Amino acid sequence: MKKYLTILFSMLLLTFSTISSAITLTDLQQLFSKNQVVRADFVQDRYINGLTAPIHSTGKMIISKELGLWWQQKTPFAMTLKMNQQRMEQRIEGQEPEVITAEKQPQLFQFNQLLTAIFTADKDMLESNFDITVTEQNKYWTVTLQPKLAPLNKIFKQIILNGKSYLEKVTINDMQNDKTELTFANHKTTKLSQNEQLLFR
Amino acid sequence: MKKYLNLTLLLLSLLISACSSQPKSEAWLTKGTKVNLPKLDLNQDYHDQQLLTFKYNNQENSIITIVDIKNNHLTVMGLSTIGIRLFEIQYNGSEVKAKQHLFIQQLPPPEQVLSDIMLSILPTVAWQKVLPSNWQLIDKDLSRTLINDLHETIINITYNKQSSTVIRKPIKIEHAVFGYQIAIQSMEQ
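Chain order of the listed sequences is A and B. Its first residue numbered 1, the first sequence is counted upward by one per residue in my numbering. Its first residue numbered 202, the second sequence is counted upward by one per residue in my numbering.
Hints were generated in silico from the structure; no laboratory data involved. Worth double-checking, as some hints may not be accurate.
[Claimed, not checked] Restricting the straight-line Cα-Cα distance to at most 20 Å, the calculated cross-link-like pairs of lysine to aspartate or glutamate (EDC-like) are:
1) K104/A x E261/B
2) K60/A x E103/A
3) K188/A x E66/A
4) K256/B x E98/A
5) K256/B x E96/A
6) K256/B x E93/A
7) K300/B x E96/A
[As the list claims (entries may be wrong)] Beta-carbon label-pair distances, calculated as ranges:
8) N244/B x S165/A: 51 to 59 Å
9) Q95/A x N272/B: 32 to 40 Å
10) T354/B x K157/A: 48 to 56 Å
11) Q307/B x N138/A: 33 to 41 Å
12) S128/A x N357/B: 53 to 61 Å
13) N244/B x R91/A: 40 to 48 Å
14) Q95/A x F304/B: 18 to 26 Å
15) T190/A x I339/B: 55 to 63 Å
16) N195/A x G294/B: 30 to 38 Å
Small disclaimer: the values here were computed from a predicted structure and weren't measured. The beta carbon of each residue, even a glycine, is placed where N, CA and C say it ideally should be.
Looking at chain A on its own, in the form it has when it is part of the complex (with noise of 0.2 Å):
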């Protein structure tokens, strides 16, 4: 479990690191460990399929190596995900915390290990489960995630990875014909500042 959790986190710092030029899978990967720190804030469209406007959410969040994923939605209402190699929080304002642990939602973790795995810098994983395409325009890349075998291509269309200096887009687009588009913007790589640490506590 705790391999495949840090491996997941290898891999956002991954997508959240900086892209020199040459693109190619191989070069995305190489990229594994740079930023130790990646902040960014976040705009989340969720399109459900038979409404006609999207779930809108902002807000901010932080990707430490060391200390996990601390996610701060600010609106439409007050929600923050931490995330580590042991357990989940959330927590909505003015609630107490919901903790997911392994043990608590076994399946859920399950899951997290399937799809670390599929996210995973392990090209020949990638490969064998997703038919990918990258592209590169004016040193904008496209990473197109197509998957291939059950039970990926039975919930997945398409999973669409943007950027240029970071991963600047992700689009999902599931089977229910629901889409998400999350954007991230404002990236910054500077060391956590003893406030930030305070809050993956």
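Given the coordinates of chain A, assemble chain B onto it according to the supplied hints.
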């Protein structure tokens, strides 16, 4: 990272195959009192996107609901707080169709959510037609109260607007008999 959790839940929600059911168009008001849902006979459409927080036995759980009434067809969609589909329930005035994608033990069943929402947004006259005799649903100032034949309060609903011809959006539903409270925060921006 949130995307991973989203993905995980998506995967989970889809692997636990969505089950459809056709519950009767009935609502339980107390453990022993069941009524038919009122017909939908509105002259207006309605839309709300809201965060519902259920309080029961000192536990709190939240879901996002999207409530839509179009041409007297009501759809209530329930999503987890990170946007994963939990259930979808449709009511056309005579038939309820429910689809549960993911079961969350701590939450009331979708049909209960449907009847609470209907109780808070349909006109009192529509409910009055289906309530047991001597039960009353009364609008007063910023609240609506369901009272049984013994004059006991069964459900109290709070709004932030006075009653008018436009459907008002509830901000709190308290069920005195079932003992739960639903706080409703609009997500409309």
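If you check the beta carbons of T354/B and K157/A, does the distance land in 48 to 56 Å?
50 Å, holds
Next pair to validate is K188/A with E66/A; report whether the Cα-Cα distance is within 20 Å.
16 Å, holds
Just tell me: holds or violated, for the beta carbon distance of S128/A and N357/B against 53 to 61 Å?
58 Å, holds
Is 30 to 38 Å respected by the C-beta to C-beta distance linking N195/A and G294/B?
Given about 55 Å between the Cβ atoms, the range is violated.
Would you mind confirming whether the straight-line C-alpha gap from K256/B to E98/A stays at or under 20 Å?
Holds, at about 14 Å.
Given pair status - E261/B, K104/A, alpha carbons within 20 Å:
This hinted pair holds, its Cα atoms lying about 17 Å apart.
Cβ distance range 51 to 59 Å for N244/B and S165/A, holds or violated:
55 Å, holds
Hey, K256/B versus E93/A, does the alpha-carbon distance stay inside 20 Å?
14 Å, holds
Quick check on a hinted range of 55 to 63 Å for T190/A and I339/B, using CB atoms only.
60 Å Cβ-Cβ, so the 55 to 63 Å window holds.
Could one say that the CB atoms of Q95/A and N272/B fall in the range 32 to 40 Å?
The hint (32 to 40 Å, Cβ to Cβ) holds, given that Q95/A and N272/B are roughly 37 Å apart.
Outcome of range test on Cβ distance (N244/B, R91/A; 40 to 48 Å):
Since N244/B and R91/A have Cβ atoms about 42 Å apart, the given range 40 to 48 Å holds.
Can you let me know if the beta-carbon spacing of Q307/B and N138/A is within 33 to 41 Å?
49 Å, violated
Of the hints listed earlier, those the structure fails to meet are numbers 2, 7, 11, 16, in rising order.
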